[in-house]
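Line order of the protein sequences matches chains A and B.
Read in order, the letters of the first sequence correspond to residues 0 to 102 in numbering that gives the first Met the number 0.
Read in order, the letters of the second sequence correspond to residues 0 to 571 in numbering that gives the first Met the number 0.
Think of the hints as simulated: they come from the structure by calculation, not from any bench.
Since we're looking at a predicted model, the values are computed, not measured.
Any given hint could turn out to be false.
[Said to hold, decoys possible] Pairs of lysine-lysine residues, derived as DSS-like cross-links and limited to a Cα-Cα distance of at most 27 Å, are as follows:
1) B/Lys365 with A/Lys101
2) B/Lys365 with A/Lys97
3) B/Lys488 with B/Lys558
4) B/Lys315 with B/Lys401
5) A/Lys59 with B/Lys88
6) B/Lys365 with A/Lys93
7) B/Lys36 with B/Lys88
8) A/Lys25 with A/Lys97
9) A/Lys58 with B/Lys88
10) B/Lys43 with B/Lys88
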Amino acid sequence: MSKKSTKSCVRKTKSCNPGWHSATVKIVHREGFHTRPAAQFAEIAQRFAAEVEVRCGRKKGDGKSILSLLALGAERGDKLTLRTRGPRAEETLKALGKLIQKG
Amino acid sequence: MTRMILKGRECSPGIAIGPVCLLPPPRPVAHYRLAQKEISVERKRLHRAMVQTGQQWERLLEGHPRLQTQSPYQILQAHRMLLNDPIFKESCEFFIRREKINAEWAVERTGQQLGVALGTTDETTTFKRQEDIQAVVHALLQNLSRLEPFYWIRQARVKNRILVTDYLSPQAVIFLKQLNVTGLVTQSGGRNAHSMILARSLCLPAVSGIADVKNILSGRPKAILNGFEGTLIVEPTREEERFHRELLSKHQVLEGLLLREANQAARTRDKKRIWFEANVELPEEVPALVKYGAEGIGLFRTESLFLYRAQPPSEKKQLQIYARVLTQMPNTPVTFRTLDLSGEEWMGHTPVNPALGLRGIRFSLKETRLLETQLRALLKAGANRLLLPMVTSLEEIEQFKKLARQIQKDLKQKRKILVGIMVEVPAAGLLIDQFARAVDFFAIGSNDLIQYTLAMDRANEQLAQNYSLHHPAIIRMLFQIVQNALKAKRPVYLCGELGADPLFLPVLLGMGLTHFSMNPLSIPRAKKMVRLLSAKECRRRSRQLLQVSRAGAIEKILKSFAFKLDTPWRAG
Chain A
0 MSKKSTKSCV
10 RKTKSCNPGW
20 HSATVKIVHR
30 EGFHTRPAAQ
40 FAEIAQRFAA
50 EVEVRCGRKK
60 GDGKSILSLL
70 ALGAERGDKL
80 TLRTRGPRAE
90 ETLKALGKLI
100 QKG
Chain B
0 MTRMILKGRE
10 CSPGIAIGPV
20 CLLPPPRPVA
30 HYRLAQKEIS
40 VERKRLHRAM
50 VQTGQQWERL
60 LEGHPRLQTQ
70 SPYQILQAHR
80 MLLNDPIFKE
90 SCEFFIRREK
100 INAEWAVERT
110 GQQLGVALGT
120 TDETTTFKRQ
130 EDIQAVVHAL
140 LQNLSRLEPF
150 YWIRQARVKN
160 RILVTDYLSP
170 QAVIFLKQLN
180 VTGLVTQSGG
190 RNAHSMILAR
200 SLCLPAVSGI
210 ADVKNILSGR
220 PKAILNGFEG
230 TLIVEPTREE
240 ERFHRELLSK
250 HQVLEGLLLR
260 EANQAARTRD
270 KKRIWFEANV
280 ELPEEVPALV
290 KYGAEGIGLF
300 RTESLFLYRA
310 QPPSEKKQLQ
320 IYARVLTQMP
330 NTPVTFRTLD
340 LSGEEWMGHT
350 PVNPALGLRG
360 IRFSLKETRL
370 LETQLRALLK
380 AGANRLLLPM
390 VTSLEEIEQF
400 KKLARQIQKD
410 LKQKRKILVG
420 IMVEVPAAGL
430 LIDQFARAVD
440 FFAIGSNDLI
450 QYTLAMDRAN
460 EQLAQNYSLH
470 HPAIIRMLFQ
480 IVQNALKAKR
490 PVYLCGELGA
500 DPLFLPVLLG
510 MGLTHFSMNP
520 LSIPRAKKMV
530 RLLSAKECRR
540 RSRQLLQVSR
550 AGAIEKILKS
560 FAFKLDTPWR
570 AG
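Isolated chain A (complex conformation) (with noise of 0.2 Å):
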């Protein structure tokens, strides 16, 4: 994955509902969503108040629970869908999408 395709990976999407703040951001770690990143981004998730919900394709996983998160099947190049509501909710989400760029 070239740096240049990560620049615009967080793309805000606008929140149907009130309260949510979400993004789109695209996997670049070479074997996806593995345990590593998964425990990670779980791990920093837990640090935050917020709700964290996160969606690829049409699965949706919590983003607290490194199973659940493992269990999407991210593989590198998927969307990530990321939610969060609550209290920071707006910081939480911006720390989880550059997590996942960093890759």
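Using the hints provided, position chain B relative to the given structure of chain A.
Frame of chain A; chain B shown alone:
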């Protein structure tokens, strides 16, 4: 059994000699149905096994404090998160409740189900994910029915043996190390299997990928495992055995000799006293420091208390830890460094350039909540030497001292606190004389100082040719720092492995350094070197170095000096 050489993949360097020990394959998991009234008992059993597994993993890490700061730790951390994930537990309980099957079976089925659910089109990725799930499943099965051998092996069976098995979980590797297994041979897996990464960080020699190894070794012969070359010599000749044994014992004897002298104070041949203190990352390391001859803690890194956890530790928890460290090191100096975290990473951002970002004292002064909590805990615990990381300006020191004064006032404390700064940035190195008015001592962070001075990352392979410790700028920078600090009558420490480098130590002594702080394991060797050196001679020679303008030439001079001193110990 005849002599033969089996070739596998080298996974962890080192040599092990001795009889092999075959671990029996795991017995099949018991499957049975439950009666309605047994269900709640079974759920309790499952719960207990989960708690037990969590505790075992925690204890494993306690035995190996250094591990906690390395990357294999992330693997174990991920496993812990898998174990604690509510989905895992719910799935197991679902099987117990709905299908009325025993806990072992439920765990096994959960593992299978998750393994399938987590499968991807890429085989290696799938393998890795399943490896992680399997590690959790195995550990739970062990605790549920004591089927799997690892935790129940008696030490006598495996001590000083080379262990041969099909599969090893990362946790099993740590456990086997504690049982004094000398080497590992596995049938499958490769260099990058998580268990092998762990074997490397525990210095446990290992070879993998020898097909059919258990059948070949069924007679439990003697063998030599050579982790450097990835070979296993079965029934070695006397010649081979002697050769390998010598290699091994040379290393061990030297270490033993050094350790015996480690507790005595180090003086140069001309009777100049040199102090060695330890760099410590975790409170669990502290009890062992005395053994290595550490005369205090020169640098207690507090970051590890903050890493790998959802919430920063509370003031009470920190107070406990700091107080314990202080009671374990009575009558010796203990220097705590305030947290050196990358602010961006703390919140999960990826800074463009972390090395030049919101780090150390910069982050602490911005996110003062963390620093305040830490300072209160430190001051309550009675710490009297504080060290600030990544200082670049006088304002940072003043701001910190103001904060510390305020907290002392709140706590109604009047005692004097010594505040020092890390000199890791050239900016600080150039301003020693000015900073000296504001601080009580200096600590040179050699690794960072070198990287920032040369603007080179030593982990960058492209720069391997260019990166040199012997760069004239490094010599001059260090010289200037030490001279200016001593002129201002401020003690100056050198923190880092540079002080244990046989080529560099003479120069450092020559500059006038008398206080070192390093990895405790390096202290015995460094003390030994000091005893062979003469401070006067070092001074004379290091002055010469200032005139040399090429790294190659400097290295040559250092080598000839080391050669004359007969210090054949290689760094690391």
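How the hints compare with the structure:
A hinted pair counts as satisfied when its Cα atoms are at most 27 Å apart, and B/Lys365 with A/Lys101 qualifies at roughly 25 Å. Between the alpha carbons of B/Lys365 and A/Lys97 the distance comes to roughly 21 Å, so the proposed pair stays at or under 27 Å and holds. Between B/Lys488 and B/Lys558 the alpha-carbon distance is near 32 Å, which puts this suggested pair outside the 27 Å criterion. For the given pair, B/Lys315 sits about 23 Å from B/Lys401 by alpha-carbon distance, which is consistent with the 27 Å threshold.
Of the supplied pair hints, the one linking A/Lys59 and B/Lys88 holds, its CA atoms being roughly 19 Å apart against a limit of 27 Å. Taking the CA atoms of B/Lys365 and A/Lys93, the gap is about 20 Å. The hint holds against a cut of 27 Å. Of the supplied pair hints, the one linking B/Lys36 and B/Lys88 holds, its CA atoms being roughly 20 Å apart against a limit of 27 Å. Our distance criterion of 27 Å between C-alpha atoms is met by A/Lys25 and A/Lys97, whose separation comes to about 10 Å.
A threshold of 27 Å between alpha carbons decides the hint, and for A/Lys58 with B/Lys88 the separation of about 21 Å falls inside it, so the pair holds. Distance check on the hinted pair: B/Lys43 and B/Lys88 sit about 12 Å apart at the alpha-carbon level, within 27 Å; holds.
Going through the hint list in order, the structure does not satisfy hint 3, though it satisfies all others.
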